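Enquirer: Could you slot chain U onto chain Y? The hints should help.
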Amino acid sequence: MAELKIAPMVRPETGRNVPARNEACPLDLGWVRDVRVNLSAAERRVATLPGRRTVKKDAQAAWLLKAVTCIDLTTLNGDDTAGRVRRLCAKAKSPIRRDILEALGMADRRITTGALCVYHRFVKTAVEALQGSEIPVAAVSTGFPAGLVPHDVKLKEIESSVRDGATEIDIVITREHVLTGNWQALYDEMRDFRAACGNAHVKAILATGDLKTMRNVARASLVCMMAGADFIKTSTGKESVNATLLVTLIMVRMIRAYYERTGFMVGYKPAGGISSAKDVLNYQFVMKEELGREWLEPDYFRIGASSLLADIERQLEHHVTGRYSAFNRHPVG
Amino acid sequence: MSVARYFDEMSYGPAPEADTEARAWLTCHDATFGHFIGGKFVPPASGTYIDTMEPATGATLAKIAAGAAADVDMAVAAARKAQGAWAKIGGAARARHLYALARAVQRHGRLFAVLESMDGGKPVRESRDLDIPLVARHFYHHAGWAQLQEHAFADHVPVGVVGQVIPWNFPLLMLAWKLAPALALGNTVVLKPAEFTSLTALLFAEIATQVGLPAGVLNVVTGDGSTGAALVDHPDVDKIAFTGSTEVGRLIREKTAGTGKALTLELGGKSPFIVFDDADLDGAVEGVVDGIWLNQGQVCCAGSRLLLQEGIAEDFLARLKQRMTKLRVGHPLDKAIDMGAIVAPVQLKRIQSLVETGISEGASIFQPDLSPPKGGCFFPPTLISDVQPTATVMQEEIFGPVIVAMTFRTPDEAVVLANNTRYGLAASIWSETIGLALDIAPKLQAGVVWVNATNLFDAAVGFGGYRESGFGREGGKEGAYEYLKPKAWANRKPRQVTEQPQLQTASGGFETPALDRTAKLFIGGKQARPDGNYSRVIVSPAGKLVGEVGEGNRKDVRNAVAAARSAEAWSRATSHNRAQILYYIAENLSARSAEFAGRITAMTGASPARARAEVEATINRLFSYGAWADKFEGTVHAPPLRGVALAMNEPIGVAGVVCPDEAPLLSFISLVAPLIAVGNRVVVVPSERHPLCATDFYQVLETSDVPAGVVNIVTGSREELTKVLADHDDVDALWVFGSKTASATAEKHSIGNLKRTLVDHGLETDWNDPAAAEGPILLRHAVQVKNIWIPYGE
Numbered sequence: 001m002a003e004l005k006i007a008p009m010v011r012p013e014t015g016r017n018v019p020a021r022n023e024a025c026p027l028d029l030g031w032v033r034d035v036r037v038n039l040s041a042a043e044r045r046v047a048t049l050p051g052r053r054t055v056k057k058d059a060q061a062a063w064l065l066k067a068v069t070c071i072d073l074t075t076l077n078g079d080d081t082a083g084r085v086r087r088l089c090a091k092a093k094s095p096i097r098r099d100i101l102e103a104l105g106m107a108d109r110r111i112t113t114g115a116l117c118v119y120h121r122f123v124k125t126a127v128e129a130l131q132g133s134e135i136p137v138a139a140v141s142t143g144f145p146a147g148l149v150p151h152d153v154k155l156k157e158i159e160s161s162v163r164d165g166a167t168e169i170d171i172v173i174t175r176e177h178v179l180t181g182n183w184q185a186l187y188d189e190m191r192d193f194r195a196a197c198g199n200a201h202v203k204a205i206l207a208t209g210d211l212k213t214m215r216n217v218a219r220a221s222l223v224c225m226m227a228g229a230d231f232i233k234t235s236t237g238k239e240s241v242n243a244t245l246l247v248t249l250i251m252v253r254m255i256r257a258y259y260e261r262t263g264f265m266v267g268y269k270p271a272g273g274i275s276s277a278k279d280v281l282n283y284q285f286v287m288k289e290e291l292g293r294e295w296l297e298p299d300y301f302r303i304g305a306s307s308l309l310a311d312i313e314r315q316l317e318h319h320v321t322g323r324y325s326a327f328n329r330h331p332v333g
Numbered sequence: 001m002s003v004a005r006y007f008d009e010m011s012y013g014p015a016p017e018a019d020t021e022a023r024a025w026l027t028c029h030d031a032t033f034g035h036f037i038g039g040k041f042v043p044p045a046s047g048t049y050i051d052t053m054e055p056a057t058g059a060t061l062a063k064i065a066a067g068a069a070a071d072v073d074m075a076v077a078a079a080r081k082a083q084g085a086w087a088k089i090g091g092a093a094r095a096r097h098l099y100a101l102a103r104a105v106q107r108h109g110r111l112f113a114v115l116e117s118m119d120g121g122k123p124v125r126e127s128r129d130l131d132i133p134l135v136a137r138h139f140y141h142h143a144g145w146a147q148l149q150e151h152a153f154a155d156h157v158p159v160g161v162v163g164q165v166i167p168w169n170f171p172l173l174m175l176a177w178k179l180a181p182a183l184a185l186g187n188t189v190v191l192k193p194a195e196f197t198s199l200t201a202l203l204f205a206e207i208a209t210q211v212g213l214p215a216g217v218l219n220v221v222t223g224d225g226s227t228g229a230a231l232v233d234h235p236d237v238d239k240i241a242f243t244g245s246t247e248v249g250r251l252i253r254e255k256t257a258g259t260g261k262a263l264t265l266e267l268g269g270k271s272p273f274i275v276f277d278d279a280d281l282d283g284a285v286e287g288v289v290d291g292i293w294l295n296q297g298q299v300c301c302a303g304s305r306l307l308l309q310e311g312i313a314e315d316f317l318a319r320l321k322q323r324m325t326k327l328r329v330g331h332p333l334d335k336a337i338d339m340g341a342i343v344a345p346v347q348l349k350r351i352q353s354l355v356e357t358g359i360s361e362g363a364s365i366f367q368p369d370l371s372p373p374k375g376g377c378f379f380p381p382t383l384i385s386d387v388q389p390t391a392t393v394m395q396e397e398i399f400g401p402v403i404v405a406m407t408f409r410t411p412d413e414a415v416v417l418a419n420n421t422r423y424g425l426a427a428s429i430w431s432e433t434i435g436l437a438l439d440i441a442p443k444l445q446a447g448v449v450w451v452n453a454t455n456l457f458d459a460a461v462g463f464g465g466y467r468e469s470g471f472g473r474e475g476g477k478e479g480a481y482e483y484l485k486p487k488a489w490a491n492r493k494p495r496q497v498t499e500q501p502q503l504q505t506a507s508g509g510f511e512t513p514a515l516d517r518t519a520k521l522f523i524g525g526k527q528a529r530p531d532g533n534y535s536r537v538i539v540s541p542a543g544k545l546v547g548e549v550g551e552g553n554r555k556d557v558r559n560a561v562a563a564a565r566s567a568e569a570w571s572r573a574t575s576h577n578r579a580q581i582l583y584y585i586a587e588n589l590s591a592r593s594a595e596f597a598g599r600i601t602a603m604t605g606a607s608p609a610r611a612r613a614e615v616e617a618t619i620n621r622l623f624s625y626g627a628w629a630d631k632f633e634g635t636v637h638a639p640p641l642r643g644v645a646l647a648m649n650e651p652i653g654v655a656g657v658v659c660p661d662e663a664p665l666l667s668f669i670s671l672v673a674p675l676i677a678v679g680n681r682v683v684v685v686p687s688e689r690h691p692l693c694a695t696d697f698y699q700v701l702e703t704s705d706v707p708a709g710v711v712n713i714v715t716g717s718r719e720e721l722t723k724v725l726a727d728h729d730d731v732d733a734l735w736v737f738g739s740k741t742a743s744a745t746a747e748k749h750s751i752g753n754l755k756r757t758l759v760d761h762g763l764e765t766d767w768n769d770p771a772a773a774e775g776p777i778l779l780r781h782a783v784q785v786k787n788i789w790i791p792y793g794e
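Chains Y and U, in that order, are what the protein sequence lines are.
Under our numbering, the letters of the first sequence match residues 1 to 333, in that order.
Under our numbering, the letters of the second sequence match residues 1 to 794, in that order.
Just chain Y, with the same shape it has in the complex:
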């Protein structure tokens, strides 16, 4: 078992701690096969957690602001254009109205979203638009969303995005490897993706809606982490079922198991389907309760979402004014 790594590297230009990367480990098939998930027990946990934890008033505002800093503000549509991406970048830089931040006493904090997430085509646009903001650009890759393009094309796509300035790459796994229990193939694929990313952080999208069973989800999570994924991520947003609290519980428990055995902290990114402030709090509770305080920061927690931010903005204005807010009162992204 690897030693626990506790000394984080320091990013020189900002002084912010940079998380140590997941240095991967050999594929341990015994561990993969040992994974057991009892669905009913897991469901009970996620059913009761929202009743066990809640945050109110100032605490709630703080948690929602924290959630904003974890959002990978995302546009992944066929009709995306450079203009659309620039607009979203502006929103990523100032996600919350300044007067609201002032009222919350948070104007002096740099509240931005965690990253901006686009297709490869718009990486350059986004990098330029976000110049000086320190907001990373994430590119979905490897034949997103189905991931069925040739393997070498996937590697080339990753390399191109990294060249264009993406510092985070969201790859999709080949679901077939999971559905057929071909863990070696999944591991090899993931290792290649990780190598192609170089210094860029890699998020492994499992497409949990396609994997169906929680055992599949747990095993795929583990194999991707063994192969060096910095984050594991639920979905592309294109499957019929995307992020759920249940799948979150299963994945974060595997993150904990991996951390306990290897000492590497892997991040978690639910994506798709989290659209309300109330929802996102429940995800934060799972992170804090199952993993711990560190996993509430954008280094280890990202939320793939597009409409969530607008709801948080309304909630925060309500907190400040005591009046219910409306969407048109907040600048669109």
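Derived from the structure by calculation, the hints contain no laboratory data.
Since this is a predicted model, take the numbers as computed values, not measurements.
Mixed in with the good hints there might be a few duds.
Covered stretches of chain Y, as calculated for chain U (at least 3 residues, CB under 8 Å) [unchecked claim]:
#1 30-42
#2 50-57
#3 101-108
C-beta atoms are modelled at their ideal positions from N, C-alpha and C, and glycine is treated no differently.
Expert: Positioned in the frame of chain Y, the structure of chain U alone reads:
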């Protein structure tokens, strides 16, 4: 704290549930409550009140009436007055009343939840999400039984006036568990809530009256243990239903013995929580949280003994400790906590003292470092490990947030350790292997078994214990019978006891005499001489010597019970196998029917025709139980979850049977056959006056492939042997027919291990009437229902 500070710390902050409405309700009663009798609040006769406090702060919440005998009298009179009319309005009308109660509970759900948490200290999440929805569910479900009563229970009538004494851990939920079936099936109730937590019962009574429940149907008398005792002692109460400690349960059994009052007891537990090495360990850790930290562990079925397979024990305990550091203990009305306050200082002291005992006996203790609010009754979640079965904390029910852990090597050993307790309320099994989990579940001595789950409850699924965890079931059809009595037994008359005829000794003549026969005892498949080597003379009504039987004593009973205990394979035999043997007994009896008829005539003076009819009826009865053996099956409940609950009819174990004098062969078989048909082993005391047809019967048993120890026969004094059987702590059930005094003795002396008793109180049963003496009417008493919850999904 500022937003910025929360942003940096990411802590939870307070999340209080408002108590405004609950306090307004208290204020509108001047925070002083009388009893609720005959549809209205009445002040206590004595004028004395007791304080009920808020355990989270120690502040006084309200004053409640201190009930005395006069108050109980008044309440029982009100219930008695209402009972006839309440039964008479019929199931459909009662269904409407219960439906109204269910709806009212839902409409006032938040008020009930907040008041419950204030008064009892449990987290408002639990009262809101668990207790109150289940309360409503119980009234809905039992509205259904009321509606269906005339069909589903056509051969039963209500018990009458029921006294119910409930505990403080689930005040309103226990009220619902007791009240819903009682009212649904036509009984009226005097309820005594726990002195610490009476407020929701009073609120319920008030709301029930508002929604039209007739006066006197539900009466609430508050007070301490002495009030409960007055209710238990009241001569006009037909049944007592109690949930609480095993200690008080014993007391109630003793006090009601011989009074004819029906009794159900739902008592303590020390329930095992078994984790196999192929379990979902994170799921099981969460199960522990739900098992022992629900309601601060003040749960009779709490999974308080953690049994871990050795290979995963260390890993599991590490995960559990980590999980414990995340638990939050706080004010019960805080919506972001896992544990609230212990109900009262006296309970807190008890928990502290038991944990200290554990430490002094060498156990390791783990408690997370957390800071509960000051001033209230709080105790941290506690894990005790490095303990052996010999430790006090492994044996005693702690009734607090304390779990004790030990390890096992094999599934067999898990079963042995799990069953190594006087209790038998619940058990939890964690394994992802269906074959293993379903193999272990029937082997556990527990009324409720959860597979990969814990603390699941539903109105459709019976709940109740084995062994010293009490008897009777609450919920489901099995629970409904607890509030009914068979019509066929309703009009039994006291037995006419005739003088024992004097032996008229006469010298013999010079003709060749019949060959002398010695009737022995029948123990462990062998004929055995009585230990004391005394004989008892059996005399015909005309005073003629019919024969002699052994005078069985304590040691003979001891030997018989030991033989019955070792015949455990009978309980595991297939029902087909047991059916075949019952048919075979009938066949062999039939071959000797003339001999048995002759014996009956000689012993009882019955006409030959009547004696032949009795033998025929006996053969027929054996056939009936051969038929029932593979048909008295359990049910599959469909509780509201993805999964099933299997209600299995399981044998109780070793049963003592004391037979009456009337119809000596037929009554003997009518009592023995149902017990062995479902897998019990019996120690039978045949008719004291006419035992010879039973001693003749062991030859029939010997030729019928009945395994040794399944039926043991000890002849002798009914009263003495009844007492010996009742006092024997390895006898699980005791049926006594034939005498009022023996019935009382059986009940009174059954308290050692709280054996299940079925007695006739000296009322004579018509053994020829199948409605009164055959089938489910007795089979229901020959089994105990185990509910195995099996949630599933992949």
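Enquirer: So, for every hint listed, does it hold in this structure?
Expert: Comparing the hints with the structure gives:
Check on the region 30-42 of chain Y: 7 of its residues sit with their Cβ under 8 Å from a Cβ of chain U, so the three-residue criterion for coverage holds. Counting residues of the region 50-57 of chain Y whose CB lies closer than 8 Å to any CB of chain U gives 7, which reaches the minimum of 3, so the coverage claim holds. Residue count for the region 101-108 of chain Y with a Cβ under 8 Å from a Cβ of chain U: 3. That meets the three needed, and the coverage hint holds.
Against the hints set out earlier in the document, no violation occurs for any number.
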